[in-house]
Amino acid sequence: MLTAAVLLIAIIAALYMAWNIGANDVANSMGTSVGSGALTLRGAVLVAAICEFSGSVLVGKHVTSTIAKGIADPTLIDPNILMLGMLASLIAAGIWVTLATYFSVPVSTTHSIVGAVIGFLLLYNPNLIHWNVVGDIVASWVLSPLSGMFVAYILFYILKITVLSKRDPLKEAKLVTPFFVLFSVSVITMSVIYKGLKNLNLDLELKTSLLLSLILGALGGLISHIFMRRYANHSDGREDRYKKLERFFIYLQIMTASSVAFAHGANDVANAVGPLVTIVDIYNNVSLGGETYIPLWVLALGGLGIVIGISTWGYRVIYTIGKRITEITPTRGFAAELATAFSVLVFSKLGMPISTSHVIVGSVIGVGFARGLATVDYRVIKNIVYSWIITLPVAMGFSAGIFLLLKFIFI
Amino acid sequence: MKFMRVPLIDTLGKSPFEALKEHAALVRESASILNEIFQKLMKNEFENMESKRKKIEELELKADYIKSNIRNHLPKSVKMPVDRGVFLSLLTEIDNVEDLIQDVAEWIYIREKPVPDELKEDFIQLFNKALEAIEYSEKAINALNLVIESSFSERERENAKKIIQRLHEIEHESDVMERQLTKKIFRMGDKLSAAALFHLSKMVFLLGDISNHAENAGDRVRALIAR
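Just so you know, the sequences run in chain order A and B.
Just so it is clear: in the first sequence, position 403 is 403 by the working numbering, and no numbers are missing.
To get the working numbering, take the position in the second sequence, counting from 1, and add 411.
Watch out, some of these pointers could steer you wrong.
As the list claims (entries may be wrong) - Negatives, chain A to chain B, calculated, CB over 12 angstroms:
1) GLY37
2) ASP78
3) ASN80
4) ASN125
5) TYR157
6) LEU206
7) ILE226
8) LEU245
9) VAL376
10) LEU404
As the list claims (entries may be wrong) - For the chain B half of the interface with chain A, some residues (derived, Cβ under 8 angstroms), not all of them:
11) LYS454
12) PRO492
13) SER562
The hints are simulated quantities; they were obtained by calculation from the structure and are not laboratory data.
Beta carbons: idealized from backbone N, C-alpha and C, even for Gly.
Just chain A, with the same shape it has in the complex:
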């Protein structure tokens, strides 16, 4: 009886958390594409929904296990307490993200859920917390902007020497594009098939999946090459040259924006369904020690929540951003987004819960370092650091409070 009630509330709470993720983070991937005219608002919402959903269902598994089981050993916690704690964490993180969103504080949904889980554990039994795991997570927070920055710098630098500085940039762009497509498609395919398709009983080893990814990537590159041949070649005036180039990159930006949405779904769905998985396991009386089977429906639920978030609030955010953002042109957006998708997917595969928002800010700053942007406001870095400092204690406090309340009600 108790577990059924908790499970029901937890499903709603997980949906709420996923809604938060979809409503707010989606602009990170799609805002720039709408702004540059690469996608219409309706198109952006559709593409985002498809990519986020498939990302969370196909790749979401790895990160999900880290949050649910990495921070503490669930076998050492009384199942009823654990269930309430996870529920408290979900509600606390959801409320905090909504609040922070209201006050325009750039917090990370990832940080919030980790903070919330720690908060409940501190109240229950601090000795259970695996601080080294927590340390890993903290390290990956610092790594997320840094990796975005580093990869974006390199990507934009390559773009600079292969395309931007050439006599006829558009012509060069058409030569280089298939390789960029190859890279993107390979990374995404790799993230899906390498150790990813256990649900479909398709567990491929490294070599096979690497080969398969490269083949698919090459196929994508070939298709892009055929498509590009139809695109007008020469450009007339000097001024016109970069404008034409930017228009050409709109198509590539749709690809990278989709990759970011996919990577975001893969990475961030864990923040909503991670705690839910534990509760489902307890409900099913599965022993918590071993390798947990994460039901597909849980991931699908998270994906659904994200899609609802996109279509109820996300589109408004995208719309506003799309109108405000004029500065990030398709070439720059392409480099930043490809770097983000790459970093997020790699970290997801490693099971590190990094923050997508922070990766993309890092990527933009990386393009700025490569002298790609007219202005970059470094105050945002300060805001991110503040959000690291503030999110953990607040989420901890919230979840501890809600945990006490739930205990009072249910036990």
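Chain A is fixed; fit chain B onto it per the hints.
Chain B alone, transformed into the frame defined by chain A:
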């Protein structure tokens, strides 16, 4: 809209380079109106001066607005691919050109008296030099934009440098004309009233100063595109 948080957007503002281009376009527009005023002066016609002067005044106000907008949106925390201080002084120089255009218009309007025929040819030459300087300062700013858009490609930098070189030549030519015309005015000294002498020589000075500030703007662009 408050209900959102997108750190990505907070990182970026509107490009100050684009705004600078808008400012330079206003300078060009003012210059073409000043040209109308000047052509009338050369034909000894003085009607409708007031409305044209007012138009320039409005354009100058608009340019001022853009200028302060750029300054307000470039706090210390904003990093640019170029030196922020030099960029702001480029803005100052271009704004000086706009101010001088307005000054010349006001100065012609203040004393609506014809220019002596023997000086007209020299005035026309000096004025056209100033117009050329303005034209090239806008070219320099557009070239700067291309340097930024191409993320500092060698070719765009070379192109900008050529324009700046031409600005130096224009300024030098303007200097020579300014000296000769001033000499000519003072040689006519006895034939001119004191008021005419003062009015004409100051006009020469103002026209020459346009080229000076246009050249300064070019120098700032050169400093900005240096690696």
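Each hint tested on the structure:
no.	hint	result
1	GLY37	holds, 16 angstroms
2	ASP78	holds, 37 angstroms
3	ASN80	holds, 35 angstroms
4	ASN125	holds, 34 angstroms
5	TYR157	violated, 9 angstroms
6	LEU206	holds, 34 angstroms
7	ILE226	holds, 28 angstroms
8	LEU245	violated, 9 angstroms
9	VAL376	violated, 5 angstroms
10	LEU404	holds, 29 angstroms
11	LYS454	violated, 36 angstroms
12	PRO492	holds, 4 angstroms
13	SER562	holds, 5 angstroms
Hint violations for this structure: numbers 5, 8, 9, 11, all remaining hints satisfied.
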